[in-house]
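*Asks:* Sequence:
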Amino acid sequence: MLTLTENARDIVKRYTDHPDTPEDAGLRITSTAEAQLAVTTADQPVDGDQLVEQDGAKVYLDADAAQQLDDKVLDAGIDEAGNVQFGLLTQA
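Using the working numbering, you'd call the opening residue of the sequence shown number 1432 and step up by one each time.
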């Protein structure tokens, strides 16, 4: 199952842990037709999503993404321009 680094947890919570966002808000990762992954924020999971929750950070995975990311670690950082960058590592 996908796990999150501390940086990824902090960034997910930064974007989803606000008083005006729903309690179930989280990051959603979906598989695209081009065999890539798309990352968006979501107010709630979609039917069939797998939930990965660590220290209050919620990440929803569609079925294809869950399979692709089963042995991965999600990392995140902020570049010099202030943009969030996500990366994947293989679990040890």
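Hints are not guaranteed to be accurate.
Said to hold, decoys possible - Here are the computed distance ranges between Cβ atoms for each label pair: (1) D1501 / E1437: 17 to 25 Å; (2) G1479 / E1511: 33 to 41 Å; (3) D1451 / D1502: 13 to 21 Å; (4) G1487 / A1464: 29 to 37 Å; (5) D1478 / D1510: 17 to 25 Å; (6) T1471 / Q1498: 13 to 21 Å; (7) D1451 / A1494: 26 to 34 Å; (8) N1514 / D1448: 17 to 25 Å; (9) E1484 / A1523: 15 to 23 Å; (10) T1452 / F1517: 17 to 25 Å; (11) A1523 / P1453: 21 to 29 Å; (12) A1494 / T1521: 15 to 23 Å; (13) D1486 / L1519: 26 to 34 Å; (14) Q1522 / L1482: 15 to 23 Å.
Hints are computed from structural coordinates only; laboratory data are not their basis.
All C-beta atoms, glycine included, are put in the ideal place defined by N, C-alpha and C.
*Asks:* Going through the numbered hints above, which ones does this structure break? Give me the numbers in ascending order.
*Replies:* The structure conflicts with hints 3, 5, 11, 13, although it agrees with all the remaining ones.
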